Amino acid sequence: MDGQKNKRRISIVTGTHGDELEGQYVCYLLNRKIKEESEKLNGIVDVYPALNPMGIDTITRGIPGFDLDMNRTFPGSKDGAVTEQVAYDIVRDLLGSDLVIDIHASNIFLTEMPQARISEETANSLLSFAENLNIDLIWIHAAATVLRSTLAHSLNSQNTKTIVVEMGVGMRITKRYGEQLVEGIFNVMKQLDIWQGEAERLKKPIVCKDEVDFINAPVSGVFLPCVTHLTKVEKGQPIGDILEPLTGNILSRLYARQAGTVFTLREYPIVDEGSLIARILIEGGRNA
Amino acid sequence: MKEQILFSLKSLYRESMDIKGYIFGEGEKSVCIVGSMRGNEVQQTYICSRLIHTLKKTEERGEIGKGKSIMVIPSLNTYSINIGKRFWPTDNTDINRMFPGYGLGETTQRIAAGVFESIQGYKYGIQFASFYIPGKFLPHVKIMQTEYMDAETAKLFALPYVVIRNPRPYDTTTLNYNWQIWNTKAFSLYAKQTNAIDVSDAEYMENSVLTFLHKIGAIEGEERLFGASVVVNDSSFVSVHAKKGGFFLSELNDSGFVREGEKLAVIVDPLSGEVSEKIFAPCKGRLYYSFPSSMTHQGTLLFRIIPD
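Chains Y and E, in that order, give the protein sequences.
With the first letter of the first sequence counted as 1, position 156 gets the number 156 in my numbering; the numbers rise by one all the way through.
If you want my numbering, it's the 1-based position in the second sequence plus 288.
The shape of chain Y in the complex, shown without the other chains (with noise of 0.2 Å):
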């Protein structure tokens, strides 16, 4: 959609993965308000509800017929394979927006409150437009852990500003998350210039660094919590037992090493050895 009379462009991009769904309620909000309030818009607002549209069409996560995740497929290539061809089209599309915000909604094994995700060497430039998003948390990840393959760094590497929002759990629609976050982006969007009004800080999200405590399964079993998503938690205090059916029995209690809040927990019962349980936010994260 096209303000006419600034150019200042916003990208909102989502549904990569074809069982991320929170994005799409995102899309529909965004898209219903500038049509109902058009006479506010004062620039280009760019909306992709589904960068794999035959992933959400057939419950499928990666790209049918290929197995294969389009967000590990960036930069991409103008002469390589068809999946290739897309991913650099989306790159050459979207490079020069202001800003693109792309919403993922974590996967079917993990819930998450509503956060942005940057990276170190890009935290400057993209913290002052996380901080109005409405989310609840800023995650600034060292330079080393970030996947360099996907459609944020490649964005990012290219001067297109990129911030990552993941929220809610695959699969489902968490409409609370959705409206926090549609009220987020306009804010962003008087920010850019984009949208009439001032922006203001509606929620101050945490930014946190390292202060993340990652709690993974010791064994493979049924994981059942004993806390719930986003519950504050003791050191100490347990957050679930891994059990065997075989046997009735407990083969691990998980127990928070830390103080803090549960931003990430498990969804999907079944774990094996290794698979992420629940991310604990460390208390003292500072506010931003």
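Calculated from the structure, these hints are not laboratory results.
Model, not experiment: these values are computed from the prediction.
Cβ atoms here follow ideal geometry from the backbone N, Cα and C, with glycine treated the same way.
Hints may contain errors.
[Claimed, not checked] Just some of the chain Y residues that point at chain E, by a computed CB distance under 10 Å:
#, residue
1, Glu36
2, Asp67
3, Thr73
4, Arg148
5, Ser154
6, Gln191
7, Phe214
8, Asn216
9, Gly221
10, Leu224
11, Asp241
12, Pro245
13, Gly248
Given the structure of chain Y, go ahead and fit chain E onto it with the hints provided.
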């Protein structure tokens, strides 16, 4: 021959997945050969099983190079092979995007870390790799264009081509790349086939590895393959894509060579039966890749040619 469990993973209901290495000879860690990492790499696993069988006899004849040891790991992912799924059975991750791995991380990171610890320190590393799109390849050895690459040594496999590839962003997490970073000269071998056994192709690839082992002194005995390799960069390859989707009917000749203007295939509209596209070779050369399926999407890569 010594059998060693390099990494073991327990499952809720399945038998444990034991990743096994088969070690021949004693002494300097000379060559490590890795087979399948994906569940559809049947040919790659088969070639390694043949190598294990052959090297066992070689060892019994006392023909493993003195003071040298060879390890073959036929599969890193029997759980996926067992159910015919390319990537990890539960979360669909790719072990060959997890190197060097992380022992306290997620499942496939742990597998990569566990195995990588055992396969470090070898002078040469050979991996039977496969491409993510299905198709038939001209057998070749591939090396990545890094400061560590060694095309001259790659020629010792006596395969027709040594293909040099510019690393892509995801390559930094592959076994080949990480082997090189940890000072192992790494070579990826691509067989003609992936998800089914082709016995003559397997024999050819086995002979290629045995030739290499012979030339570097890891085994004694006779060389199996002869002939010089040509070093080519894959950026020079010519790709042919489908402009239309539909039935794909290949008209390739059996020689493996194409002439400029030669008809390679037709695409037929699946509803009307009309020929919607005729596909001709854009140049003269050796066929490097051909699409195997009976149906194609628009834009699909159908052929790659190494131009003369």
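Legend entry - Hints violated by the structure (numbers, ascending): Result: hints 1, 6, 10, 11, 13 break, sorted rising.
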